[in-house]
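For reference, the chains in residue letters:
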Amino acid sequence: MISVKDVSKFYKASTRPALDKVSVEIDKGEFVFLIGPSGSGKSTFMQLLLKEETPTSGDIYVADFHVNKLSGRKVPKLRQSVGYVFQDFRLLPSKTVSQNVAFALEVIGKSRSMIERTVPEVLDLVGLSGKADRLPNELSGGEQQRVAIARAFVNRPLVLLADEPTGNLDPDTSADIMLLLERINRTGTTVLMATHDHHIVDSMRRRVVELDLGRVVRDEARGVYAVGR
Amino acid sequence: MRASFIFSEVFTGLRRNISMTVAMILTTAISLGLFGGGLLVVQMADKTQQIFLDRVEVQLFLTEDISAADPDCAQDLCRGIRNDLESADGVVAVQYLNQDDAVADATDRVFKDNPELASLVSAESFPASFKVKMSDPDQFALINAEFSARPGIDSILNQRELVDRLFSVLGGIRNAAFAIAIVQAIAAIFLIANMVQVAALTRRTEVGIMRLVGATRWYTQLPFLLEAVVASLIGAGLAIVGLFTAKNLFIDDVLGDIYDANIVARISNSDVLLVTPFVVIVGAGMAAVTAYIALRLYVRD
Numbered sequence: 001m002i003s004v005k006d007v008s009k010f011y012k013a014s015t016r017p018a019l020d021k022v023s024v025e026i027d028k029g030e031f032v033f034l035i036g037p038s039g040s041g042k043s044t045f046m047q048l049l050l051k052e053e054t055p056t057s058g059d060i061y062v063a064d065f066h067v068n069k070l071s072g073r074k075v076p077k078l079r080q081s082v083g084y085v086f087q088d089f090r091l092l093p094s095k096t097v098s099q100n101v102a103f104a105l106e107v108i109g110k111s112r113s114m115i116e117r118t119v120p121e122v123l124d125l126v127g128l129s130g131k132a133d134r135l136p137n138e139l140s141g142g143e144q145q146r147v148a149i150a151r152a153f154v155n156r157p158l159v160l161l162a163d164e165p166t167g168n169l170d171p172d173t174s175a176d177i178m179l180l181l182e183r184i185n186r187t188g189t190t191v192l193m194a195t196h197d198h199h200i201v202d203s204m205r206r207r208v209v210e211l212d213l214g215r216v217v218r219d220e221a222r223g224v225y226a227v228g229r
Numbered sequence: 001m002r003a004s005f006i007f008s009e010v011f012t013g014l015r016r017n018i019s020m021t022v023a024m025i026l027t028t029a030i031s032l033g034l035f036g037g038g039l040l041v042v043q044m045a046d047k048t049q050q051i052f053l054d055r056v057e058v059q060l061f062l063t064e065d066i067s068a069a070d071p072d073c074a075q076d077l078c079r080g081i082r083n084d085l086e087s088a089d090g091v092v093a094v095q096y097l098n099q100d101d102a103v104a105d106a107t108d109r110v111f112k113d114n115p116e117l118a119s120l121v122s123a124e125s126f127p128a129s130f131k132v133k134m135s136d137p138d139q140f141a142l143i144n145a146e147f148s149a150r151p152g153i154d155s156i157l158n159q160r161e162l163v164d165r166l167f168s169v170l171g172g173i174r175n176a177a178f179a180i181a182i183v184q185a186i187a188a189i190f191l192i193a194n195m196v197q198v199a200a201l202t203r204r205t206e207v208g209i210m211r212l213v214g215a216t217r218w219y220t221q222l223p224f225l226l227e228a229v230v231a232s233l234i235g236a237g238l239a240i241v242g243l244f245t246a247k248n249l250f251i252d253d254v255l256g257d258i259y260d261a262n263i264v265a266r267i268s269n270s271d272v273l274l275v276t277p278f279v280v281i282v283g284a285g286m287a288a289v290t291a292y293i294a295l296r297l298y299v300r301d
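Chains as they are written, first to last, in the working numbering: chain W, 1 to 229; chain D, 1 to 301.
Incorrect hints may appear among the rest.
[What the hints assert, rightly or not] Keeping only pairs whose Cα atoms sit at most 20 Å apart, straight-line, the calculated SDA-like set for lysine to any residue is: (1) W/Lys74 with D/Gly208; (2) W/Lys110 with D/Arg217; (3) W/Lys110 with D/Lys247; (4) W/Lys28 with W/Met204; (5) D/Lys247 with D/Asp271.
[Stated by the list, open to error] Reference excerpt, derived from the structure (chain D facing chain W, CB under 7 Å, subset only): (6) Phe7; (7) Lys131; (8) Gly152; (9) Phe178; (10) Ile182; (11) Val183; (12) Met210; (13) Ala215; (14) Thr216.
[Claimed, not checked] So these bits of chain D aren't anywhere near chain W, every CB distance computed over 12 Å: (15) Ser8; (16) Gln159; (17) Val213.
These are calculated hints, taken from the structure and not from any lab test. No experiment lies behind these values; they were computed from the predicted model shown. Idealized CB from N, CA, C, for every residue including glycine.
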């Protein structure tokens, strides 16, 4: 599903590469943690998958898309197949919960009837059916993140990317969010999650890819956060 | 592409930055109004051209003594001038106006609406003259050269000079209108570019989410372009209304006498109507092109 082959990324500002000959293969339906200290290249890695950035060298494949060679016109199609969740939720403050989720479908041209059918379904999946008309500032952090996940998932993407989704949440709420992501993963969606959260990684024992200074230093099935430190 | 979504985005965007929208509308209105005004002056000049096309006349005024003494142009000096004129190159017709004819022309035509002035006119006020119609206005110089020093001829009036002077005035007005229109247009272009950037900046969270979930440029950028076009169309509307108002409330009055003297052609309401599509197309086109370029340069795809 995701195939990163020998990818390097140099930014103009620094001499050290953000990513240095990184190769990772992720199959359909996998749940993968991407860990590493700040500056290790996690965000860059995720941005490359969406073609927010282009690699200096190497190839990236996501589903059927050869991402780094994708023309500008086809990038929206790639992004419609990849859901993204941010650490700070990034909801639109003047729109309600269901409007926020519907927005993702409206702007890609889906019909009103499809939207009216699908949004309640996905709100049900994330456990927010009763709060469809609330505004983001009326929700807790955990609930806001659920909305964000609903928005990322509503178009049934093949891949869900999560950039530190539990970063702003307390441990109990984080655990709930992880259950939700697991549930989404069980529907067949490939999930790649960047995180600093030791507890979550240790308790879930999924595949762990560790980056340090732009290089893959560990790629372990059923891994833990820290090894021999 | 869902039209209702796009239109609601355009309307919201215009309303959100209302001060900028108003500035843009006004600047565009002024620019397009002056542009339209310039076009109307061009039209007026063209129509006036038609009026003067057959008015290529030279008027040779005779000296006082001949004017008084020879009302039928029967005497040698006068007849001699007449024959030479008739046989000169480029001359189509020669008409002799004696003093009485000149008086009648003054009272009936020139001073028609001013009886007090008309009553002051007497035969001695006006010399006799030859009105010479030319086939080719460029032959004036020859007539001038041949006859200006001729005994009996007091002065030569070349209508063409007046006409040229008139057209250069019209041309000057037109150029001034276009020049100011261009300056305003430059201001409008910068305003549009600014408006697009500010709009994109204000909506960056929304646009960011749109790009992230895979919205195409139709959804992310078209609303901004349409905002600029809609504002410029409103400006064009204002400009047209302004032109109609100016014509019917001001210009018709101010130029009334000049129209009546048939010096320049009248600007009619249908003239303004004719200019309308040009104003609209130039306005909308300018806005669309500027917005498109601003989006390409300053807003991420």
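For each hint, the structure was consulted:
Between W/Lys74 and D/Gly208, the direct Cα distance comes to roughly 17 Å. Compliance with the 20 Å bound is thereby established for this hinted pair. For the suggested pair W/Lys110 and D/Arg217, the alpha carbons sit about 15 Å apart, so the restraint of at most 20 Å is met. Between W/Lys110 and D/Lys247 the CA atoms are separated by roughly 51 Å; this puts the pair beyond 20 Å, and the hint is violated. Only pairs whose Cα atoms come within 20 Å are accepted, and W/Lys28 paired with W/Met204 is accepted, the gap being roughly 19 Å.
For the given pair, D/Lys247 sits about 10 Å from D/Asp271 by alpha-carbon distance, which is consistent with the 20 Å threshold. Here the hint on D/Phe7 is broken, as its CB sits about 13 Å from the closest CB of chain W, past 7 Å. A distance limit of 7 Å between C-beta atoms decides the matter here; for D/Lys131 the minimum to chain W is near 74 Å, and the interface restraint is violated. Hint status for D/Gly152: violated, given a least beta-carbon distance of 85 Å to chain W, over 7 Å.
Of the supplied interface hints, the one on D/Phe178 is violated, with its beta-carbon coming no nearer than about 39 Å to a beta-carbon of chain W, more than 7 Å. Interface hint status for D/Ile182: violated, as the beta-carbon distance to the closest one in chain W is roughly 35 Å, over 7 Å. With a least beta-carbon distance of about 37 Å to chain W, the hint placing D/Val183 at the interface is violated under the 7 Å criterion. Using the Cβ-Cβ criterion of 7 Å, the hint placing D/Met210 at the interface with chain W is satisfied: the shortest such distance is roughly 5 Å.
With a least beta-carbon distance of about 4 Å to chain W, the hint placing D/Ala215 at the interface is held under the 7 Å criterion. For D/Thr216, the shortest C-beta to C-beta distance to chain W is roughly 5 Å, which falls under 7 Å, so the interface hint holds. A Cβ of chain W approaches the Cβ of D/Ser8 within 12 Å, the least distance being about 10 Å, so the stated non-interface status is violated. No beta-carbon of chain W comes within 12 Å of the beta-carbon of D/Gln159; the shortest separation is about 66 Å.
A cut-off of 12 Å between C-beta atoms contradicts the statement that D/Val213 is not in contact with chain W; the least separation is 4 Å.
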